[in-house]
Amino acid sequence: MAAVGVEIKHPEAVPEEACSAKATKQGEGLRQYYLQHIHELQLQVRQKTHNLNRLEAQRNELNSRGSMDLFSNSHL
Numbered sequence: 037m038a039a040v041g042v043e044i045k046h047p048e049a050v051p052e053e054a055c056s057a058k059a060t061k062q063g064e065g066l067r068q069y070y071l072q073h074i075h076e077l078q079l080q081v082r083q084k085t086h087n088l089n090r091l092e093a094q095r096n097e098l099n100s101r102g103s104m105d106l107f108s109n110s111h112l
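For any residue, its number in my numbering is found by taking its place in the sequence shown, counting from 1, and adding 36.
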């Protein structure tokens, strides 16, 4: 039977700077995720505000037409 040599490596102590740099990269990814989400929500707010303004203008136009119709019919 042949003998096999096995080398066991123990993890070396890692300086705190290396750990914090890795945590910063992980935190940066999370930060980018939330920034992207915020931008998407801001876009939705702009779109919905634009839609609200459009609908308000449409309502005002229809109301003014209705007022004109009522006014013209009452003087017949």
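Watch out, some of these pointers could steer you wrong.
Label-pair distances were calculated between CB atoms; the ranges are [as the list claims (entries may be wrong)]:
1. S108 x I74: 27 to 35 Å
2. R101 x E64: 50 to 58 Å
3. G65 x N87: 52 to 60 Å
4. E76 x S103: 45 to 53 Å
5. V81 x R101: 29 to 37 Å
6. G102 x Q62: 44 to 52 Å
7. G63 x S103: 31 to 39 Å
No wet-lab data here; the hints were simulated from the structure. Remember, it's a predicted structure, so these values are computed and weren't measured experimentally. We treat Cβ as the ideally placed atom computed from N, Cα and C, and that holds for glycine.
Status of the hints after comparison with the structure:
1. Judged by the Cβ atoms, the range 27 to 35 Å given for S108 and I74 is violated: they are separated by roughly 51 Å.
2. Between R101 and E64 the Cβ separation comes to about 55 Å, which falls inside the hinted range of 50 to 58 Å.
3. Checked against the hint of 52 to 60 Å, the pair G65 and N87 fails, with Cβ atoms roughly 33 Å apart.
4. Against the hinted window of 45 to 53 Å, the Cβ-Cβ separation of E76 and S103 comes to about 41 Å, which falls outside the hint.
5. At roughly 30 Å, the beta carbons of V81 and R101 sit within the given window of 29 to 37 Å.
6. For G102 paired with Q62, a C-beta distance near 60 Å fails the hint of 44 to 52 Å.
7. Evaluation of the 31 to 39 Å hint for G63 and S103 yields a failure: the beta carbon distance comes to about 59 Å.
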